[in-house]
Amino acid sequence: MHASLLTIPVFLPIVMGFFGYLIKFKSEKLRRLYYSAVICATSIFVWILILRVDGGTFTLLRFTDYLEFSLRFDGAGKVFAGLSSALWPLTMVYAFDYMGHEKHKGMFWCFFTVSFGVTMGIAMASNLLTMYLFYEMLTLATIPLVIHGMNRESYHAGRKYMIYSFGGAAFAFIALAFLISIGLADFSYGGMLHNYFGNKDVILMLYTVAFIGFGVKAAIFPLHGWLPTASIAPTPVTALLHSVAVVKAGAFAVIRLTYYTFGTEVLRGTWAQYFVLCLTALTIVYGSAKALKQNHFKRRLAYSTVANLSYILFAIALMNESGLLAAMFHMVSHSFIKIVAFFAAGAVLHYTGKQYVRELEGIGQRMPVTFASFTVSALALTGIPPLNGFASKWYILTAATEDGNIWTYIGMAALIISALLTAIYMFSIVIKAYFPRKNKDQCQGVKEAGALMTVPMVLISLCSIVMGLFAGDLFELIAKVVLG
Amino acid sequence: MLIASIFIPLIGALVLSVCKFRSRKTLYGCVIILEAVCAAILVYMFAVKFSDSVTVWSIAENMKISFTPDTLGRLMGLIAGCGWLLASVFSAVYMKHETKEKSFCAFMLLSQAFCLGVMFADNLISMYIMFEATTLCSMPLVLHNRKKESVRAAMSYLFYSVGGAFLALLGIVFIYKTCPELAFNIGGNITGEVADSALVGVLLTVIGFGAKAGMFPLHAWLPSAHPVAPAPASALLSGLITKSGVVAIIRVIFFVFGADNLRGTWGQTVLLSLALVTVLMGSVLAYSEKDLKKRLAYSSVSQISYVLTGLFVLSGTALTGAVLQIVFHAAVKIGLFLCAGALIYITGKTGVDDYIGAGKKYPVIMWCFTLLSLSLIGIPPFGGFFSKWYISIGALESLSGAMGYIVPVILLVSALFTTGYLLPIPIKGFFPGDAADEKLLKREKEPLGFVLPLIILAAFVLLGGLLQGAVIPMISGISAAVM
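Top line first, the protein sequences correspond to chains A and B.
Our numbering numbers the first residue of the first sequence as 1 and each following residue consecutively.
Our numbering numbers the first residue of the second sequence as 485 and each following residue consecutively.
Calculated from the structure, these hints are not laboratory results.
This structure is a prediction, so every number in the text was calculated from the model and none was measured.
Think of the CB as a built atom: it goes at the ideal place given N, C-alpha and C, for glycine as much as any other residue.
Among these hints, one or two may not hold up.
[To be verified] Each computed PhoX-like pair below joins lysine-lysine, with the alpha-carbon atoms no more than 20 Å apart:
no., chain 1, residue 1, chain 2, residue 2
1, B, Lys833, B, Lys774
2, B, Lys631, A, Lys438
3, B, Lys632, A, Lys440
4, A, Lys105, A, Lys29
5, A, Lys438, B, Lys844
6, B, Lys584, B, Lys533
7, B, Lys833, A, Lys440
8, A, Lys438, B, Lys632
9, B, Lys586, A, Lys438
10, B, Lys584, A, Lys440
[What the hints assert, rightly or not] A few chain A residues facing chain B, derived, Cβ under 8 Å:
no., residue
11, Phe11
12, Pro385
13, Gly404
When you get a sec, could you build the whole thing from the sequences and use the hints?
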């Protein structure tokens with residue numbers, strides 16, 4: 001198939017999303033029909049492209065000789081795009097129920113759809129400049145979703161999100177400018193600095209700055225603050241964007257930066273690598289420890305995301321092939337795990353109004369399907385075999401032993417400490433839900449969530465189980481797709 | 485056959501949790517029949533030396549869930565099968581005082597299934613999976629009565645065990661770097677030079693799995709978790725589920741890393757020291773504890789580290805002692821916890837000093853308590869004596885330097901404490917003295933469901949000791965097959 005078709009999954013949801021905002025729908029049903037048609041069509045199209053497209057580049061705009069706005073679909077992009085487009089329609093179904101009583105539905109659906117297109121743009125960008133543009137657009141497209149509640153708190157969250165994200169992108173821009181100055185090329189595995197013989201420390205400095213810059217979206221310490229604050233947004237947004245699309249876009253950008261722009265040859269064994277390894281190890285422990293301290297259900301999950309994103313960043317920073325594959329694997333499995341956890345938290349919030357963990361005693365028997373899914377997600381997130389979370393931990397750890405040095409060992413220790421903390425903050429919820437203390441049951445009369453919520457939850461958690469059981473095959477598949 | 489032994493309790497538990505039972509009688513009837521069938525299969529497997537392997541699932545190329553019963557596995561399976569059967573008979577009476585019996589039975593069966601999985605697993609990954617599952621399924625037994633302290637204890641059990649397992653996982657990854665073969669083979673899989681990282685890996689793995697066996701420094705959960713569970717569950721936790729940690733350690737040291745690679749290294753010294761610290765510490769703490777079940781739990785901490793000491797000596801004789809200790813400690817500790825449960829059930833009292841004069845009123849229970857205690861202390865001709873004897877002899881023979889003497893001395897000192905914390909209970913029970921007010925204890929019949937398992941266990945430790953001519957060759961055969 002021709003590469004020009006890549007424009008469709010990028011621009012179809014963007015254009016149709018805004019168009020939908022302008023239409024006056026006669027009923028809520030029609031609006032749902034319209035947006036589900038757009039989102040499903042995009043999803044299907046992405047999957048067709050994944051299976052059929054070859055490696056061609058399609059240039060939309062040419063600013064100068066170097067600066068092109070162009071799309072290309074390579075292995076890493078396919079994994080990210082496939083992941084997002086699998087979860088988008090399911091979240092949409094969930095949102096039908098969740099957003100039922102919310103205000104400003106038109107705005108929500110518009111930007112929910114637009115950000116799908118922008119995310120696809122990040123996945124399909126063929127060079128750093130294009131990715132950078134989509135990256136900024138993603139921030140813009142998701143701000144309205146964060147401030148959806150339109151009260152003081154959500155404006156505050158939105159402002160914080162905006163400042164962090166744009167600030168981070170500005171850092172990344174420094175590296176971008178440098179790369180443009182020496183001749184920016186398309187992403188290619190192994191990097192584009194083979195012909196650069198200037199000062200190496202400059203490169204390392206720029207890499208570190210750009211890592212932190214893109215790392216903001218992947219919530220790296222100390223620039224993680226926006227993510228827990230942004231959990232004020234409606235649950236479909238926190239579930240999909242703040243544990244899959246936006247934050248994984250950050251991780252994906254770091255992958256592009258490390259493996260496809262600077263190249264691991266230049267970076268491996270330098271202070272820049274050790275610095276980012278330490279930073280990710282710190283974030284892993286910090287995120288999990290903060291999650292343990294949180295009593296607010298969604299904020300706890302948000303901090304857990306902070307830690308888990310740094311699992312991915314840690315694997316990326318290992319800078320070997322197994323590290324890249326492990327990062328990709330955890331990117332996929334964490335998405336499937338965390339989205340279910342957020343869905344469950346959202347279902348509880350929507351149907352009972354309970355926001356805090358301590359209010360959940362005895363809810364397990366009242367919302368059996370929701371909490372069965374949540375339990376699967378808790379087990380997987382902790383890394384209990386044979387679920388997918390175990391496999392990703394295994395791959396990350398074995399990748400870390402490959403070129404074992406003191407910095408990777410620190411990271412491995414961080415991973416294990418964080419796994420224990422994860423067990424504590426997830427299982428304490430599960431235990432509370434299923435085994436209420438005597439006379440402390442607080443959930444009499446709570447009813448199970450509706451089918452529009454439970455069906456996506458069950459489907460996605462089944463995916464987690466299947467991915468765990470076929471972890472070997474999945475890993476090989478990712479290896480084949482990414483490395484060609 | 486192998487699959488049946490694991491899946492009968494597993495599927496039984498699932499069916500149990502779905503079915504509705506009209507009375508407790510049918511519920512326990514079903515449970516006991518399930519356990520009996522399972523135990524019969526395990527006995528049969530032991531008798532015919534059944535050793536076919538089964539691969540249940542293959543996650544990835546080097547991550548298979550597969551089981552092969554070897555000599556050690558069959559012995560452990562046999563003990564586990566009998567232990568669970570006796571505990572289920574006991575719980576048929578005991579659980580009258582508790583609620584939510586169905587979920588209790590279901591989780592009991594589930595933990596049996598996964599515990600057997602640990603015993604039969606034939607590679608590290610399957611064992612790890614089964615180990616985690618055992619933890620998760622036995623945790624609800626601890627918080628069964630839903631009191632604040634039981635929930636707290638269950639959580640600390642869960643987190644210590646899961647944390648230990650993660651530590652073990654880290655260790656496994658380090659071992660994996662040196663030796664990509666994680667299947668169990670006698671003598672280990674490492675050929676050639678042993679990297680320091682692999683040695684560190686073994687230490688981490690052993691300490692991690694040691695959490696389940698109550699080994700210092702990850703022992704703190706055990707004395708709080710075991711006593712709060714209902715008595716049959718504490719019996720199983722102390723007697724058998726802790727042994728899954730022991731089996732895991734045996735597998736790592738003897739079947740993956742290789743005893744020869746560990747012998748004489750600093751790693752061995754570290755492990756031995758940890759085990760000895762635990763032996764002594766457990767006894768001392770048990771001596772100073774006033775609550776009967778808590779005292780027994782501390783005693784488990786100490787006694788299971790006898791097994792570990794025997795393992796870490798890394799000689800055939802000591803290993804024989806360790807396996808003997810596994811067998812007899814399992815029988816004794818199940819028995820003692822059941823005695824404690826019976827006393828608590830009948831009298832409603834939990835302190836060690838509350839049973840003054842109990843010997844006259846509940847003679848069978850008290851006699852069994854006495855016999856089992858004597859075995860745990862290690863008085864000949866009871867089974868417990870031989871295990872300690874072989875461990876000490878093994879240490880004297882094969883450890884060089886001061887360690888060879890320290891081991892027997894510590895075991896002896898600890899035995900002294902064991903006498904101190906166990907025997908006063910039957911002594912006060914049989915010889916209450918004038919001051920005691922015997923009317924405090926109700927005169928009640930001892931139910932058959934209590935008496936039967938206790939007599940069987942007491943008879944076992946006595947006969948096991950008396951018939952040592954037959955038992956020792958069998959056990960040393962097993963240890964010879966491991967070394």
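Taking the numbered hints from earlier one at a time, note which ones the structure violates and give those numbers from smallest to largest.
Failing hints, ascending: 5, 6, 7 and 11.
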